[in-house]
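Asker: If you want the building blocks of each chain, they are given just below.
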Amino acid sequence: DSGVTQTPKHLITATGQRVTLRCSPRSGDLSVYWYQQSLDQGLQFLIQYYNGEERAKGNILERFSAQQFPDLHSELNLSSLELGDSALYFCASNEIPSGTYNEQFFGPGTRLTVL
Amino acid sequence: GQNIDQPTEMTATEGAIVQINCTYQTSGFNGLFWYQQHAGEAPTFLSYNVLDGLEEKGRFSSFLSRSKGYSYLLLKELQMKDSASYLCAVQDSYGGSQGNLIFGKGTKLSVKP
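Chains as they are written, first to last, in our numbering: chain L, 15 to 129; chain V, 534 to 646.
Certain hints may be false.
[Stated by the list, open to error] Heads up, simulated SDA-like pairs for lysine to any residue below, C-alpha to C-alpha not over 20 Å straight-line:
id : chain 1 : residue 1 : chain 2 : residue 2
1  : V       : LYS590    : V       : ILE550
2  : V       : LYS638    : L       : LEU53
3  : V       : LYS609    : V       : SER594
4  : V       : LYS638    : L       : ASP54
5  : V       : LYS638    : L       : GLN51
6  : V       : LYS641    : L       : LEU53
7  : L       : LYS23     : V       : LYS645
8  : L       : LYS71     : V       : SER560
9  : V       : LYS638    : L       : ILE74
10 : V       : LYS641    : L       : GLY56
11 : V       : LYS641    : L       : ASP54
12 : L       : LYS23     : L       : LYS71
13 : L       : LYS23     : V       : ALA572
14 : V       : LYS638    : L       : ARG36
15 : V       : LYS614    : V       : THR546
16 : V       : LYS590    : L       : TYR115
17 : L       : LYS71     : V       : THR559
18 : L       : LYS23     : V       : GLY573
19 : V       : LYS641    : L       : LYS71
20 : V       : LYS641    : L       : GLN55
21 : V       : LYS614    : V       : LYS645
[Claimed, not checked] Here chain V is said to cover these stretches of chain L; the calculated rule only asks that three of the stretch's residues, wherever they fall, bring their Cβ under 8 Å from a Cβ of chain V:
id : region
22 : 56-63
23 : 118-125
[Unchecked claim] Chain V is nowhere near these chain L residues, computed Cβ spacing over 12 Å in every case:
id : residue
24 : ASP15
25 : GLN20
26 : LEU75
Please keep in mind that the hints were generated in silico from the structure rather than gathered at the bench.
Each residue gets a CB set at the ideal place from its N, CA and C atoms; glycine is no exception.
Build out the structure end to end from the sequences listed, making use of the hints.
Answerer: Following this line, the structure appears as structure tokens:
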């Protein structure tokens, strides 16, 4: 158990709908990262938040957005869902990296199925 | 561009040794991670290399050659529970982005009796 929690564990919805995925980082961690993992793809970095502010952006679609709240939990919002959005969505967290080391601790993921 | 290559699948026998290779071409480099991921589960940290050479941790070892853009993960005394995907990830250059991780697609290892 990494200490990172994600809800819900599974989500089934229809095309065109909107969903919200939630992540609570490890106690003391200020950075939250979101990743998408499709069947034939590796972990694709979506976005990073640090202490409430967006820090870095990866391959995140305009239909997707995220935020980090004052209590440091984060939400990933996916809208106008398409079949291709079906994937495992992982959240990871860590402290401010000291030096260069950037080990990330992953939550159990949310499996999204779009029908 | 950013490119990380690993074999897609490998098969090995229980008790044997297996080496999983990873080559990378990235705009920056600040370390290389190996993660283990069982199907449908979260990736878990295995090793980190930032300097050239071999890092050993129990049955697992990881090697890095920065000049060759190459790393491998060595698993010894394979057990059935080692059947999983192994993800190679390069930490991009440290800076304002806090050195984000770029993952390869992973190598699915099957350990057979």
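Asker: Is the Cα-Cα distance between LYS614 of chain V and LYS645 of chain V 20 Å or less?
Answerer: Holds - the C-alpha atoms of LYS645 of chain V and LYS614 of chain V are around 10 Å apart, at most 20 Å.
Asker: Next pair to validate is LYS23 of chain L with LYS71 of chain L; report whether the Cα-Cα distance is within 20 Å.
Answerer: 24 Å, violated
Asker: Within a Cα-Cα threshold of 20 Å, do LYS23 of chain L and GLY573 of chain V meet the stated pairing?
Answerer: 11 Å, holds
Asker: Take a quick look at whether LYS23 of chain L and LYS645 of chain V sit within 20 Å of each other, Cα to Cα.
Answerer: Judged against 20 Å, a Cα distance of about 30 Å means the pair is violated.
Asker: Does GLN20 of chain L clear chain V by more than 12 Å, comparing its Cβ with all Cβ atoms of that chain?
Answerer: 9 Å, violated
Asker: Does the structure keep LYS590 of chain V and TYR115 of chain L at a Cα separation of 20 Å or less?
Answerer: Given that 20 Å is the threshold and the Cα spacing comes to 18 Å, the pair holds.
Asker: For a C-alpha distance cap of 20 Å, please report whether LYS641 of chain V and GLY56 of chain L respect it.
Answerer: With a Cα-Cα distance of about 11 Å, the restraint between LYS641 of chain V and GLY56 of chain L holds, given a limit of 20 Å.
Asker: Between the alpha carbons of LYS638 of chain V and ILE74 of chain L, is the straight-line distance 20 Å or under?
Answerer: Roughly 18 Å between the alpha carbons, so the hint for LYS638 of chain V and ILE74 of chain L holds.
Asker: Would you mind confirming whether the straight-line C-alpha gap from LYS590 of chain V to ILE550 of chain V stays at or under 20 Å?
Answerer: 15 Å, holds
Asker: So if I understand the rule, the pair passes when the alpha-carbon distance is 20 Å or less; does LYS641 of chain V with GLN55 of chain L pass?
Answerer: 13 Å, holds
Asker: Hey, LYS641 of chain V versus ASP54 of chain L, does the alpha-carbon distance stay inside 20 Å?
Answerer: 12 Å, holds
Asker: Take the C-alpha atoms of LYS23 of chain L and ALA572 of chain V, compute the straight-line distance between them, and say whether it is at most 20 Å.
Answerer: 15 Å, holds
Violated hints for the displayed structure, listed by number in ascending order: 7, 12, 14, 19, 24 and 25.
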